[in-house]
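Colleague: Now for the letters of each chain:
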Amino acid sequence: METQSELQHASTLSLPEISSAKRWWWPDAKTTILIPPGIALIGLFLVPFLIMGAVSFYYRVPDGFYVPDFRLDNYLLFFDPIFLTALARSLILCATISVVCVSLAVPFTYIVSRMRRSAQVPIVILLLCILTLSEVILGFSWTILLSRTAGVSNLLVHLGMMDRAVALYPSAFAIVLAMLHFCFPFAVLTIYPPISRFDKSLPEAAATLGATPIWAFFSVVVPALRPTIISALVLVFVFALGAYLFPQMLGRPEDWTLSVLITDQAIYKSNIPFAAAMSVFLCIICLGLIAGITKLTKAKGTQG
Amino acid sequence: MKSSYLTPLFVGSIVLLLSLPFIIVAGVSFNEKKRLHFPPRGFSLDWFGDVVTKSEWLQPIGTSLVVALLATAISIMIALPVCLMLWRHGIFFAKALFGLGMVPFMLPPVTSALGFLIFWSEVGAYGSFWALILSHGVFLVTIPLIMISLGLETIEKELLDAASSLGASEFDLFRTVVMPLITPFIFGSAAFCFVLSLNEYIIAFMVAGFTVETLPIKIVNSLRYGYSPAMAAVSLLSVLSAAILFAAVARFGDLLKMVGSLDQSD
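Quick note, the sequences are listed as chains S and C, same order.
Quick note: the first sequence, position 237, residue 249 per our numbering, numbers continuous.
Quick note: the second sequence, position 88, residue 92 per our numbering, numbers continuous.
Hint data in this document are derived by calculation from the structure and do not stem from the laboratory.
Errors might be hidden in some of the hints.
20 Å max Cα-Cα, derived SDA-like pairs, lysine to any residue [what the hints assert, rightly or not]: (1) C/K37 / C/Y229; (2) S/K307 / C/M106; (3) S/K42 / C/F96; (4) S/K42 / C/I95; (5) C/K37 / S/R209; (6) C/K261 / C/F191; (7) S/K42 / C/R179; (8) S/K42 / C/F97; (9) C/K37 / C/G264; (10) S/K307 / C/L104; (11) S/K42 / C/M81; (12) C/K99 / C/S153; (13) C/K261 / C/P188; (14) C/K261 / S/R209; (15) S/K42 / C/R92; (16) S/K42 / C/S168; (17) C/K99 / S/I54; (18) C/K99 / S/A303; (19) S/K42 / C/D176; (20) C/K222 / C/E60; (21) S/K281 / S/Y87.
Derived CB-CB ranges, DEER-like [to be verified]: (22) S/A236 / C/A166: 35 to 41 Å; (23) C/E36 / S/V59: 50 to 56 Å; (24) C/T180 / S/A236: 41 to 47 Å.
Listing some non-contacts, in silico: residues in chain S with all C-beta distances to chain C over 10 Å [claimed, not checked]: (25) K42; (26) D75; (27) L99; (28) V112; (29) M173; (30) M174; (31) D175; (32) P182; (33) S183; (34) V232; (35) E266.
Ideal placement from N, C-alpha and C gives every residue a C-beta, glycine not left out.
Only chain C is shown next, with the shape it has when bound in the complex (with noise of 0.2 Å):
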């Protein structure tokens, strides 16, 4: 049949495409000298051993992980409680709140960013790193939202029933059946607000760009003074981590049905 070699190569091609950019950016920074060749001239770690010693990379590298967090975690505890209360009680201020939640996925971040910035300046934070970490924490909401909701619906009834009439309390429902099946979810939805927030440029920019360097901050501010190695090997820092966490996920939970296939077939 025709499309018997067709469709590797069709997924090949795209899967090879998207990673091109990755590919360079990986031999550009094991370059010798402080030039950007592909393929590298030379071989060395140096630019590595530079991002992981030098307090001018270490310094964003810190602030961008404490914020990512804090964030992180002011997400899911905002998230948490509005999914379970929807989901086993269907309040409508719970609905409401879900769907002011999914609001900032559907409007150009720049929207958002000046909307904080705007908010910050007349309260009188701007440029503070709580007012960033705030913005990060209520902006990511989404994420959390859509995923522990994906993980509540796949809790069957019958167990929760089962459970109550051998007596559980809701307390003891919650804790016993409930947290344990939507631990993955709100690990996996954590994986993704995190490396989301670690890479967030505008908000931050808009928010404390002045004030708060974060790590993306850092690299296009760099990127005004010239390229180096340095900004390459960073980056693949950035990229791997971002891959080993999302492969963490995958091991840990069902990273399929946490991007919402609910397909179960295998």
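Bound conformation, chain S alone (with noise of 0.2 Å):
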């Protein structure tokens, strides 16, 4: 890996500068080393996206295959109820994973960053660990603890809280659960660079003026992050709704979200050119939000 980079770079360093000058038409060094990556994210990435989207305005054969069509058929689906419950479950329940993660993660980071290095590394370690795990390990774990004869209810019968164990899943609390176990280190990692290069004199100083703790950690460090939490507030949103395999493991078909129905309508009823559909809807949103937050909390950069 490393010397096949330097063999790019060599090559790319020792090609004269003549031919770059010569030829106007030929990418000069510094570009010739960007083809082969140009390639691979062009072709690879956005072709792909690119076709996605000329697929959502195909004809979709009944018996499941597509041909080359412009018609809004499966636009059109959208005010299907199916489709119309589903997106209103997944803004809902995401918007409360979002709100719930992120008031958590502002002052657990906001205590974690101001710890010593060597307690802070095993809690990120901690929190790396749960974040790419992805959804497969973390499901099956969710679905042992709330099961009936490993589950937390077995704990609370013996703390004579419960008369018997029970499972707790499938059902939305379950999916609640284990989505905020998902998205709260990534929440705590998004606002983990801004809260660690906080400067530490604010709350000092409103210390000094008499204030507890808690008192300056909410009236001083709180509003001077307000553009940090707003945007954490976005990109947890944006982050749940791509939660595909929790709503399936543990909740039941009328729990799943849009990324479940995206994926149940291409693989499961083949109907490519309506996932397709869905799946632009949701890039739109995403992407939409995201541009949106980044020029509101750029603006504010600037001015501030």
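Take the two lone chains and join them into the complex the hints point to.
Modeller: Following this line, the structure appears as structure tokens:
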């Protein structure tokens, strides 16, 4: 890997400057080195999305294939109650997850970022593990944690708070728990850089003026971090929209979100044009939200 | 002061809640019989033995490891030149590619997965091993782009000026100054990509779910046929290997800086 990039670098640097000066259409050395990554990113990422956009307008032949066409049928299916309820459910679920995660993550990150480095590292490792394990292992862990034979209800029975152990899934509650677990580390790592760089003298000043640490946190730290908090809310919301396995593993079909609906249509109902239309819709929502929030925080940054 | 015991309590209970699912999974994997009980009934390591000896598990583990290794290599080979050219020369094309590389993580993975599914079936490579590896490699590129850029930002301009005033060529500069300084960041991002690819489900499922059996696909498929402590054992092994890998990254580099904390106070 290293040697390869060195070789790439070496070859482009040894290219004599004349070649770029003599032939105007020939890319210069610095651009040449970007051709392989360019092919990969444009050819294998941008192009698939453009094709998906095109397929969303195609005609779906009833036996499961699709043929090129230009029609809005797939988008008109959005008025179907199945889609509308899944959309409403996804938005409410992800908004809830986002608000709860960020409200917990802000004080948590603030405290952790002020701890000794040696104490911060294990916490960051735990967060990274949860974040990178993806939904398969987390979903599986939650099905065990909420099961009848091994779950928390056994603990509650031991404590005399319940009569007998029960399974706590499938339920919307189980989905919410698992998604909080999955999204919380993402929320923390999103706000960790700005919070760790946060000026410590502000709360200290508040403390010398007699504020208790908790009061100083809410009256000084939180208002100063408002742009960070707002963009974290949006990013966690978008991240939560991507959850796909939790609603399937821990919920019933009536708990399915848009992400599940897309896969269901694409793989099991083989209606790829409709799945593509939903996918395009989801992309537009997410990119719109992120573009909006970037613009907002940037405008704030240049003013202040 | 009131908060002196409140803050450790708050952080401690959140850390406990975050680890709770893993504690239960660990407990369940030690059950003697093929039942999921917690606390475990009896103690046996047979289920771990099954995971590391039976081809039923070894095969998907091997597949996942190969996919993750190659996807990680591809991801870094795409990201490194883009980061270098953007940082050193600020080329517009590099800037555009960097922006494009941020997109996978802004979108729900399902949408990328569907894009890949449609693309590979149009190309005629749907379900192939290489389609999966390339999809993962391109999808994960955001991680090395961000982390290598963070690494490059830590290099002081004076250092480069000093080296070039001593007569170092651009290539010498890269080999002797830049590369050693960003190597921890490259390895850090490689660790992230590796673990993410190893555990990635939705893209693997949509691109090659019925032909290439990766470990996450194997786990989800076997959930349909009922639970066994072997699944808890394989999950625990995944958690532990991720934790060990990240701990190694923290040991050989500055993990906190890699996740974006630029605070160097202690």
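Colleague: Given the hint that C/K37 pairs with S/R209, test it: the Cα-Cα distance must not exceed 20 Å.
Modeller: violated (52 Å)
Colleague: Is S/K42 close enough to C/F96, meaning Cα to Cα at most 20 Å?
Modeller: With a Cα-Cα distance of about 11 Å, the restraint between S/K42 and C/F96 holds, given a limit of 20 Å.
Colleague: Do the alpha carbons of S/K42 and C/R179 lie within 20 Å of each other, as the hint requires?
Modeller: Holds, at roughly 17 Å.
Colleague: Starting from C/K99, check that the Cα of S/I54 is at most 20 Å away, please.
Modeller: holds (13 Å)
Colleague: Going straight from one Cα to the other, do S/K42 and C/I95 come out at no more than 20 Å?
Modeller: Status holds; Cα separation ~8 Å.
Colleague: Is it the case that S/V232 keeps its Cβ farther than 10 Å from each residue Cβ in chain C?
Modeller: About 14 Å separates S/V232 from the closest Cβ of chain C, which puts it past 10 Å; holds.
Colleague: Does S/E266 sit more than 10 Å from chain C, CB to CB?
Modeller: Non-interface label stands for S/E266: nearest chain C Cβ at 19 Å, farther than 10 Å.
Colleague: Hinted pair, alpha-carbon criterion (20 Å max): C/K37, C/Y229. Please report holds or violated.
Modeller: The given pair, whose Cα atoms are some 17 Å apart, holds under the 20 Å limit.
Colleague: Is C/K99 close enough to S/A303, meaning Cα to Cα at most 20 Å?
Modeller: holds (17 Å)
Colleague: Would you say S/D75 is clear of chain C, with no C-beta pair closer than or equal to 10 Å?
Modeller: holds (16 Å)
Colleague: Starting from the range 35 to 41 Å, see whether the pair S/A236 and C/A166 falls in it by beta-carbon distance.
Modeller: holds (38 Å)
Colleague: Taking only the CA atoms, is the gap from S/K42 to C/S168 under or equal to 20 Å?
Modeller: Distance of about 18 Å is within 20 Å: holds.
When held up to the earlier numbered hints, the structure conflicts with 5, 9 and 25 and fits the remainder.
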